[in-house]
Amino acid sequence: MADDHGDTAGSTAAGKDVEQHGAPAHSAGTAVVATDEVPNPGFPPHRPRVTDLDPKVDKQQERRVSTMFLLSIVGSVLAVVAYFVFPIEPGNMQSVRNNTLFLGLGITLGLLGIGIGAVHWSKALMQGHDLVEQRHGTRGSEETRAKAVEVFTLGNEDSGFGRRTLLRRSLIGALVVTPLPAIVLFRDLAPADNPVTLLKHTFWEEGMRLTRDPSGTPIKASDLTIGSAFQVIPEGLNDSEHRIEEKAKASVLLVRLKPEDLEVSEGREDWNYDGIVAYSKICTHVGCPVALYEQQTHHLLCPCHQSQFDIKREAAVIFGPAKRPLPQLPITVDSEGYLIAKSDFTEPIGPSFWERKL
Amino acid sequence: MATKAARASRRSQPVGRRHPLATVALLLVGLLGTGGAYALFTSSATAETSASAEALVEEGGKLFAANCATCHGLDLEGTTQAPTLIGVGAAATDFQVGTGRMPLAISGPQAEQKPVQFTEEQIQALAVYVASQGPGPAIPADMYLTGEGYDVSNGAELFRINCAMCHNVAGAGGALTEGKFAPALADVTAKHAYEAMLTGPQNMPVFNDTNLTPEEKADIITYLKYLDETPSVGGFTLGSLGPVSEGLFIWIFGLGAIVAITVWLTAKSN
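Residue numbers (our numbering), protein chains in the order written: chain G, 1 to 358; chain R, 1 to 270.
Honestly, the hints are just simulated from the structure, not real lab data.
Think of the CB as a built atom: it goes at the ideal place given N, C-alpha and C, for glycine as much as any other residue.
Do not take every clue at face value.
[What the hints assert, rightly or not] Dumping the calculated DSSO-like pairs for lysine-lysine here, alpha-carbon to alpha-carbon at most 30 Å:
1. G:323 / G:258
2. R:191 / G:258
3. G:323 / G:312
4. G:123 / R:268
5. R:268 / G:56
6. R:180 / G:258
7. G:200 / G:220
[Claimed, not checked] So the derived label-pair ranges between C-beta atoms look like this:
8. G:217 / R:135: 19 to 29 Å
9. R:262 / G:43: 41 to 51 Å
10. G:244 / R:82: 37 to 47 Å
11. R:253 / G:187: 16 to 26 Å
12. G:296 / R:266: 23 to 33 Å
13. R:80 / G:266: 25 to 35 Å
14. R:269 / G:287: 47 to 57 Å
15. G:47 / R:264: 14 to 24 Å
16. R:269 / G:107: 51 to 61 Å
Bound-form chain G, shown alone:
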């Protein structure tokens, strides 16, 4: 069908785009012509519709289409009416729901009525013949092409672009250098510092109290009973300048197990306090908040990709796509019995990244 339509044999007159009933002949062009090519079956025989044969049905379909348009009018009017009949009353959610619902139904009817009516019109009443629309040739006429070349040649002669090499080269040089500021600017979108140090440092500091999320009240070790789970933020986080950003890194889950249930590895003996342990809530897979704690199995489940961590074994991964255990926050108590951090996290929190060493 990629014929230049001027050469098309099936076309009755040059420039005619629409051809009725009949397969266009192929010009070989550059395409490979297969000897066993499947012949174009052409169109199936024309089958008149009921509306073509029976004027009564034709009239009926016409009424049907106009009914759709009338329904559309009704819908649009209903939408306007609904807007006033079901106003939004502040504080009343049911009124919001009614307003949206009936307004939406009205507008839907208004639009669908026009759409369905128009399609039905074209299908049932407009001319039912099969048509082929030929593609236009994209090549311009010889005169147009010659004219275009002439314009370029004239332009070149006038400006001396081809002749004045100094001008040409300095222009090309200027164009090449223009994007440089953009590169310098966009470079700053990348982390300015080593991401390991950036992610390793959180709001936590030595001696900082563990406080409840969201109130920020300090937690005593005696507040935790066996099986308790506290959602924890560092003291003073609520007053910090970048509260949300810092919270995203410093969130901690605090739970209490029986001390004998904990399997503590070497070097972490004093990181828990009497069975109370604190772990980063940021998943080491892609950083979802892990806080689905099961107090009997001591499993911690990440809701995003079902990674499971075993709190008994220092949040070791026991299932799912996470690769590293959750970082543990070393804790102890101060002289007043409040839980405090012994230090910041000792490894970067959150998901793995290229620069990170395990």
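Put chain R on the given structure of chain G with help from the hints.
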């Protein structure tokens, strides 16, 4: 006593002046008198109350021995099948039995809710009996269970921080590991919701009164009530399950409608 004191004062002091201890003595007499009278009038009532409490404990003990002791042990000491109930308190008993989770019908990933097996009185008796065997959290006071007069927005924030990760932000429940799940909270009574927070049934963590104060628990209960009573602004909630149910709906019905319209658009008319 009063006479003694009076006599003593008469002996040591000139007539007409009271002994300095006379006032104290008079006070003592007055206190003893009213106290004694009060005791006389009310002793029968107290005796009745304690008798009924004893009867309740006794009834609870019988119910426990008949229905619970097989697994939890005759002295609540627990067996290899079930944990000890010493110290779990009335709240845990009321929650487990009152929601039909106990007695356990079948062992599985977690105790499932089923029709409640006991009457209100029997549940109360069991709770009183278990509480009498070892102190534990008590059944919450009614003032925290009304769901009115508390801070619903604070409750919503506390719910999002402490509960929503398992129970879904709209309280629709969610899956946990190995067949366990956090149940939907739509029709949970305020009392059972409070008791669940207080005692941490099964794998739910404990939210004791130092973590969430009774007022904060009441805030959360108010939020749950708000969720129950407030219609969804967005129309059908599709179970409030988020992308799963919404995605399923749009893939089946939304794309289905588009396919149907496309077929209709291109089909030939009769």
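Going through the hints against the structure:
no. : hint                      : verdict
1   : G:323 / G:258             : holds, 27 Å
2   : R:191 / G:258             : holds, 29 Å
3   : G:323 / G:312             : holds, 17 Å
4   : G:123 / R:268             : holds, 7 Å
5   : R:268 / G:56              : holds, 20 Å
6   : R:180 / G:258             : holds, 22 Å
7   : G:200 / G:220             : holds, 26 Å
8   : G:217 / R:135: 19 to 29 Å : holds, 26 Å
9   : R:262 / G:43: 41 to 51 Å  : violated, 22 Å
10  : G:244 / R:82: 37 to 47 Å  : holds, 45 Å
11  : R:253 / G:187: 16 to 26 Å : violated, 48 Å
12  : G:296 / R:266: 23 to 33 Å : violated, 59 Å
13  : R:80 / G:266: 25 to 35 Å  : holds, 34 Å
14  : R:269 / G:287: 47 to 57 Å : holds, 56 Å
15  : G:47 / R:264: 14 to 24 Å  : holds, 18 Å
16  : R:269 / G:107: 51 to 61 Å : violated, 28 Å
When each numbered hint is compared with the structure, violations occur for hints 9, 11, 12 and 16.
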